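Protein chains: 4
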Amino acid sequence: MEDKYILLATCNDKVGITSLITNIIAEYGSNILHLDHFTEYDHAQDTEGKLFLRFEFEKATQLKEALENTLSQNDINFDIFDTSDKTKIALFVSKEDHAFNEVLLRVQRKEIPAEITCVVSNHENNRHFAESFNIPFYYVPSNNDKAIVEQNILDICAKHEVELIVLAKYMQILTDNFVSHYPNQIINIHHSFLPSFIGANPYKQAWERGVKLVGATSHFVTSDLDEGPIIDQDVTRINHRYNVQDLRKIGRHVESSVLAQAVEYHVQHKVIVNDGNKTIVFN
Amino acid sequence: MEDKYILLATCNDKVGITSLITNIIAEYGSNILHLDHFTEYDHAQDTEGKLFLRFEFEKATQLKEALENTLSQNDINFDIFDTSDKTKIALFVSKEDHAFNEVLLRVQRKEIPAEITCVVSNHENNRHFAESFNIPFYYVPSNNDKAIVEQNILDICAKHEVELIVLAKYMQILTDNFVSHYPNQIINIHHSFLPSFIGANPYKQAWERGVKLVGATSHFVTSDLDEGPIIDQDVTRINHRYNVQDLRKIGRHVESSVLAQAVEYHVQHKVIVNDGNKTIVFN
Amino acid sequence: MEDKYILLATCNDKVGITSLITNIIAEYGSNILHLDHFTEYDHAQDTEGKLFLRFEFEKATQLKEALENTLSQNDINFDIFDTSDKTKIALFVSKEDHAFNEVLLRVQRKEIPAEITCVVSNHENNRHFAESFNIPFYYVPSNNDKAIVEQNILDICAKHEVELIVLAKYMQILTDNFVSHYPNQIINIHHSFLPSFIGANPYKQAWERGVKLVGATSHFVTSDLDEGPIIDQDVTRINHRYNVQDLRKIGRHVESSVLAQAVEYHVQHKVIVNDGNKTIVFN
Amino acid sequence: MEDKYILLATCNDKVGITSLITNIIAEYGSNILHLDHFTEYDHAQDTEGKLFLRFEFEKATQLKEALENTLSQNDINFDIFDTSDKTKIALFVSKEDHAFNEVLLRVQRKEIPAEITCVVSNHENNRHFAESFNIPFYYVPSNNDKAIVEQNILDICAKHEVELIVLAKYMQILTDNFVSHYPNQIINIHHSFLPSFIGANPYKQAWERGVKLVGATSHFVTSDLDEGPIIDQDVTRINHRYNVQDLRKIGRHVESSVLAQAVEYHVQHKVIVNDGNKTIVFN
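Residue numbers (full-length UniProt numbering), protein chains in the order written: chain A, 1 to 283; chain B, 1 to 283; chain C, 1 to 283; chain D, 1 to 283.
Because the hints were derived from the structure by calculation, they are not lab data. Treat the numbers as computed from the prediction; the structure is a model and nothing was measured. A couple of the hints might just be wrong.
One copy or two, it doesn't matter: identical chains are merged, so the pair holds either way.
Said to hold, decoys possible - Below, simulated DSS-like cross-link-like pairs (lysine-lysine); rule was C-alpha separation at most 27 Å, straight line:
(1) K204 to K50
(2) K249 to K270
(3) K88 to K270
(4) K59 to K110
(5) K4 to K204
Generate coordinates for the entire structure from the input sequences, incorporating the hints supplied.
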């Protein structure tokens, strides 16, 4: 990703919004490299509803300030990102390492343009892997008082100026208090094709129901467990020969790639949460 | 499919079953063309449990009788099919024609080796298509007393010696009484990736939940609506741009192919129902 | 598709193009419903190269004329479509009916927003299906002098004011002269994943090479056989059990859906040919 | 994989082969856990041709010897494997680490039941990763005389009693002499959907042709470059927005999983090479 600006903007749709923004960008001599535009259809009103925009464009002196002024004056929600600022990630993991390895390695290979600032785990077994890449590893056992545990973790995240928490098979439930510190900034991988098999042991549930595909779902964490806005999903074909153990094994590959994909989208500023329960993913 | 025998067999697994069957087939000079073998792992006992077998083999004089004798004496559940006997299908449809068209055309092209003996519908609009292929079409409106309606339909099926009922978007719920006449002989297409979005209007549910894939499920009909043994499933990728109408449209393609695939497996005698709620599909 | 305008535009990329167009649309009080924007990276120059745009926007009095004036004055190649004008299709087919049936039925169900004005075939067997939908069927045998045959077909297409020719398994090679009458207006389905297995009998070639997936490719027809710009491709998984006959059978489903998809994209004005050998598909 | 025997057998098909083998297994009190059977259709003769069998069955005293005797006397080619003997792998890699990481990590997680005995590379950059798992790493630069380089590598493989060489993006061409030491025991990953884009820089070729899917192919290495028997293939969807660099990036995920899958099949003894240019994969 070369050095440029990304603008995410949301507002009620009306004539002239795109024109307004493109005019400012052109005025400052910046070229638009990419532009995504989505007008949500309003089923209730049977009319267009909300407008979602994403621009990639060249940097130019004073352009950012000009955009900020105009967009603020026009009641448009927005964020402007400079792609030279990499998103600071904290990677949370328990014992299972597959999703953790995948995200970490994709960041190392610069496939995911981000920075992993620290790893937090309630087990020691992934320390070696993290430290072999010179990433600080924090062992925070989960058998303490939950309030204390979470405060420790919040302190670690604060110290590393974390902007995104990635739950790479972190098998602990976070409290509403914790989640409220990182709204739409915690991404989890659930090991089923949601909303199927909510709750514990989804692969056992899948085996018992006799489904012919198993999947995984990456989503933002909200106070409603397994109900957060879905970012990405995928499935893989199985058959009657797969026992529960086999489902777990093949499911790992889907979990790893679906989580890594969601993180990539997020740090590329391609994801907007719509109305609290859905995502726009400009991919 | 050339002219041959297909044997489906199920029993508790023990040493020597496959040997027993292959010996008889060899003894009568018949060559095995295809052989599927599945030993189900018994999670409860942590041991092998039930054995499922499917053989395709050449015809030979007296072979069928010899197999029937031996298998019966050994407590093996079995069916022997002659591939020259095509399965007799009744195709049920309401207004929407896509799944109906797909199954009918695949049978016409001999991609599905079966015979469509009749079409039953609670609407008139698909009469023309059925009759253009010289297939008898029965209009049975659903606004009568349900017992009478179903008796009419049972009479039609009996008259045509129907062996398989395919619900190709037949939007009527069948009573337990009706279903009991055709155990594991009624295949339905549900317009979601079960067990997600059980019940009415699954595409609206999918849109509201913001999933990133929509799917379809073909299953045997049992007295438990949407809970019958799953035969096949597939999904297709969507994104935030799809409104409910778009989901319905793209979903049709998945519905059609998943239903046609299930019918094809069934009439090729590749499907065995296991314990009432799952299928073995030897594909 | 509701009643609106679609603009496709192409030019060398420079600052201000999108601004220019959105300003006119806003000036006439029209709301943009959808906007796609693609700046092609120029590998040779290591810089942005050409710009491709697609707008969907509300109709407004005089808007079309205003756009036409401005775009012409600014050296921008463009087309403006009114979605109430359905594309007029001629469907060409030989003996095999699967792709022909699929395209025809999707148009009938309004999944593909177009009009099939006529069917042209060198065989009689698909007459019945076409005529059962009241679509004129022209039998043009191919065992005549090729120049005469093609002139007959051109006359039929002219009479029906055909805008798009769909070769739904039309197993005749069209001359350069014929193709020159419909530049980027003839869509073919090739029964392989191009550029694999160019030429005759691709399924036999695929079987001999032992590939694990077979596919199909829809492309615009140019004077270079099998080399035209690719619109869509898909594959399906096979294994060693599939003989050549089985590959042909399973391949039909991919061929049908890949052709229908390409036709749908085209008549929705989502396809732009880039430099004669590639497509932009705004899907 | 529990402790059991796996038998792979091949012969000309005739009546009684499966009976012969199952009888011996039953005689020694062993239960068959899994059985795959494939009769290849002979297109030339229009008849059944060769028979391929794979059995998984319980161990029993003297059973292996009994099978060896009988199969040898009946002109059946076979191998019997004890699943407690893990296949000894040498992993070859150049600079790019993705496929190397994937195979190594899946073996570490016991998803692939094998042992990586050593890593061979013409670059130093992957030493750290290999050694962090205590796997011996051999740096064999490729800028020496090829005969000397290959002899060095052969010595390393001999020392580690290597049974399978995995080329995880090892960008050196092996000589016929080298390959002849490991017939059907060297697995390569080619970064295209073969036979498309044979030769150098397949992603550039794919970009220039404008395909809509890119893929990868794992195959046994033979003296014919890019022509060895294909074990597995997969593809991923792309569009006009992907430049060559993007194709390389997304292609890595397919390469990694297709290579790891092939290695898994091979060490599970599921792959038989048929006639030198195709594979049977009993998956």
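Verification of the hints:
no.: 1; hint: K204 to K50; result: between (40 Å within a copy, 19 Å between copies)
no.: 2; hint: K249 to K270; result: between (30 Å within a copy, 18 Å between copies)
no.: 3; hint: K88 to K270; result: within (16 Å within a copy, 38 Å between copies)
no.: 4; hint: K59 to K110; result: within (22 Å within a copy, 45 Å between copies)
no.: 5; hint: K4 to K204; result: between (47 Å within a copy, 26 Å between copies)
Taken one by one, the earlier hints all hold for this structure without exception.
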